[in-house]
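In case you want the letters, here they are:
Protein chains: 2
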Amino acid sequence: MPAFRVPLDDIRFLLHHVHDGAQLAALPGLEEATPDLIDNVLTEGAAVCEKVLFPLNQSGDAEGVHFDQGTVRTPAGFKEAYAQYRAGGWTGVSSSPEYGGMGLPKTVSFIMEEQLCAANLSFSMYPGLSHGAYSALSAYGSPEQKAYYLPKLVDGSWGGTMCLTEAHAGTDLGILTTRAEPLDDGSFGITGQKIFISAGEHDLTENIVHLVLAKLPDAPAGTRGISMFVVPKRFPNPDGTAGAPNGVTCGSVEHKMGIKASATCVINFDGARGWLVGEPHKGMRAMFVMMNGARLGVGLQGLGLSEVAYQNALAYAKERLQGRALTGPKNPGGAADPILVHPDVRKGLLRIKALNEGMRALSVWTAIRLDLEDRHPDAAVREEAADLLALMTPVIKAFFTDHGFTNANLALQTLGGHGYIREYGMEQYVRDARIAQIYEGTNAVQALDLVGRKLPMEGGRPVRRFFALVKGAVDAAAADPARAEFAKAQGAALGLLQKATMWLAERGADGS
Amino acid sequence: MPAFRVPLDDIRFLLHHVHDGAQLAALPGLEEATPDLIDNVLTEGAAVCEKVLFPLNQSGDAEGVHFDQGTVRTPAGFKEAYAQYRAGGWTGVSSSPEYGGMGLPKTVSFIMEEQLCAANLSFSMYPGLSHGAYSALSAYGSPEQKAYYLPKLVDGSWGGTMCLTEAHAGTDLGILTTRAEPLDDGSFGITGQKIFISAGEHDLTENIVHLVLAKLPDAPAGTRGISMFVVPKRFPNPDGTAGAPNGVTCGSVEHKMGIKASATCVINFDGARGWLVGEPHKGMRAMFVMMNGARLGVGLQGLGLSEVAYQNALAYAKERLQGRALTGPKNPGGAADPILVHPDVRKGLLRIKALNEGMRALSVWTAIRLDLEDRHPDAAVREEAADLLALMTPVIKAFFTDHGFTNANLALQTLGGHGYIREYGMEQYVRDARIAQIYEGTNAVQALDLVGRKLPMEGGRPVRRFFALVKGAVDAAAADPARAEFAKAQGAALGLLQKATMWLAERGADGS
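First to last, the protein sequences are chains A and B.
Each residue of the first sequence is one higher than the last, beginning at 1 in my numbering.
Each residue of the second sequence is one higher than the last, beginning at 1 in my numbering.
Hints listed in this document are in silico derivations from the structure and should not be mistaken for laboratory results.
Using N, Cα and C, we set each Cβ at its ideal position, and we do this for glycine too.
Below are the EDC-like pairs computed for lysine to aspartate or glutamate, each with C-alpha atoms no more than 20 angstroms apart in a straight line:
hint : chain 1 : residue 1 : chain 2 : residue 2
1    : A       : LYS330    : B       : ASP172
2    : A       : LYS215    : A       : ASP185
3    : B       : LYS318    : A       : GLU166
4    : A       : LYS318    : B       : GLU166
5    : A       : LYS353    : A       : ASP9
6    : B       : LYS215    : B       : ASP185
7    : B       : LYS347    : B       : GLU357
8    : B       : LYS499    : B       : ASP475
9    : B       : LYS330    : A       : ASP172
10   : B       : LYS318    : B       : GLU423
11   : B       : LYS215    : B       : GLU166
12   : A       : LYS318    : B       : ASP172
13   : A       : LYS318    : A       : GLU423
14   : A       : LYS215    : A       : ASP172
15   : A       : LYS215    : A       : ASP184
16   : B       : LYS318    : A       : ASP172
17   : B       : LYS79     : B       : ASP68
18   : A       : LYS471    : A       : GLU384
19   : A       : LYS347    : B       : ASP402
20   : B       : LYS79     : B       : ASP203
21   : B       : LYS146    : B       : GLU206
22   : B       : LYS347    : A       : ASP402
Computed, partial: chain B to chain A, Cβ under 7 angstroms:
hint : residue
23   : GLU254
24   : GLY417
25   : TYR420
Next up, chain A with everything else stripped away, as it sits in the complex:
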């Protein structure tokens, strides 16, 4: 019953008229990523979201995943949709051509991520986790690990996971107890239980590549003693196929409030063989490559759900006839006026629309920073992009997901009693959106990251850069008669933000 259209006009406006997406094609290795090509890819991607993934969103929620003696079956249609998704090359949009990827800008996959989440959040988790594993192995894997795993993650024949949480260790990873015992051949025997592992087991791929945090025998206490291992569900054969099973089993799947078609697994490692990724005890650094990407991605989940909820609330508000406008009938031939005439309904919808468009503008700007950080020839530009990304990651994660939930919830209210009924789809968006405030670090953890790490980082350089950018935008607006009226409020908001930042900087994160 609900519908979804990818907001391509808004995306094009942001990419081509607001944020200078044309600069992407000037970056080394992205010469082919012209505005036209990007438009074409986004348009094709939109069709996949609208026609392949969105139609499975409600049925996937109603059916959920099936667990039977260690195996997990995804809901009807997911396997076929994933095969189509793979066949289109969508598992490797911004992955390196060296490993079979399309080699498009990260900007493109970042923009698509919002659309995937809007269309079918549960589905998006499977390729999303795989891409996270690709990123971490790209950054820290050995040449051999890259050769074995990256082509499989890029073509989507194998999936990936991040195995961090244990029953007693979530936010506090320093107390995790999964062990890694050195074996004679240089590999490690991994033993322990991980919980809340998204895409930990499923039937979409022939193999799953687990990136697992564990402790070596000589590990220092706390997060400084955590190492990362690559632990395949099946051992890769020399010819690249998936071979004999490893000691990795799925113990159960969770029954959750939402994202019911995403398999959230208990994964048991019983002396499973794994290989160290990067240096011993430096696993958190490697995992943060994956986690930072995931945090931005989770932010986009909030925005995507807010968008699809908005579209359906707006459609309902235009069709549903109830009551009369305070200023006189607007639909005099009908039994009543569409509820869009009522101030409270308009206020709610405009609030969501304003936030969605603002978040999307920030999202596209952030996406371009990802490519600048990777590829710009000038080290100073790369450094600035990295600074701004570090600063904005917790902001986007927390702000987009808090508003994503609140907006989906406000959109539900627009439908009154019908919003509470499954058939209309709105209550699923609320249930699905709720997890985004929790995973990849709760939003309180994002606040700690922002205040404790990102604000003081490099003597405050990232936040000063951000203020300078905003100041520049406010000054430009003030000088433009068409925008001057907004510049005043923006300048006042910037002043308050600077004052609050100073207050925090003076006190530090020690709670004094």
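Position chain B against the provided structure of chain A, taking the given hints into account.
Frame of chain A, contents of chain B only:
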């Protein structure tokens, strides 16, 4: 896995030390309702909530109601629990002894309502709707209607409903199309379809008494042309048993976000025989007796869910070990400190606790006003109670349910990922709490009622009375050294509220 204890200590404190519950026994007809007796009843009621109803809350949610060819079966255990509930006389706590009720103050049933909702919101809907039908028939039924129906509603052998909404007419009841055709014997043939009918069909009672809004052939347009009819599912036999079936059928039940053990029904009236309740075209007046009680009851749903969610979040925060306090280890022998030491966790829990205790204080105060309005010998006292109840009804409905949802949601966040898992129960409280912001008039409709009807009512008399009461409390606090520091903030808040009220009064509700 979750637990629930009725907050009896807080209730006793409010009833016996803050709000002078002893005055109830001074009211005519309530002479036996001494503080001791009330305590005993509330203690016994708490045992029913904790031991009979709460244990069925999660299983009822997981199972939901079953619909099969017009019949509705409640989840396992509900029939037995309802039988126990009836046997204890809980269906008639504050009903008149004339019809078999206990004749206790409404204060007692009002206080119990919060506890029933906290223990099992879905279950509470069945006796809650019956009591609403009892209230409307008590106020507007003919002597014959009272004699037929009230004893059955009081002893719980029959249930009740309120049938207002139609597919095209929810907030806007004026456009409903259910017809009532006069028959020769003075009864009416009722034809139409009602939706979202809570307790519309189920297996807990041998008969169901529907109170139905419909239009007579000569009805004026809009809400001024709505009449109320009593339409039994089965005709009452002269001996008081349920006899032949009426033309009332259940077409389907809704699949909802929450309150899954509460049957939300499509009810079809196909020339069903009904009898007019009260005067022709004055049905809204009669229905509002039921609706005002229901609005207060829905407010208590918000408070109840906030309380049970709080209790479980607090218990988790005391047990869950994660991280260390900023001020140094508080549990040095353990792997980590309980998360209650973290400022953000404390802040969230204290916020919920403060709101719950404040809402409960207002709830008990309101409850006493119900008995004063009914029974006080002095007409001026009755009038004041009625004024304050009229004013506070939309406030309690909207404020308690908005905070009920927000608090349950904040409590869920305290559990991190575990909050999102069904087993822990928190996500059910959030899903169940969501409906309370919608039904019995969305919270936007409550705002319209407050500003459009209640503020201007009797030239502003109710709100002036409220301000005078608050002013008195602020002055008393200011004169008490132990409370003076709070009086300043309270006085400032009162000033703002008066200013906002004046602003609204000057503009009226016409949106100008």
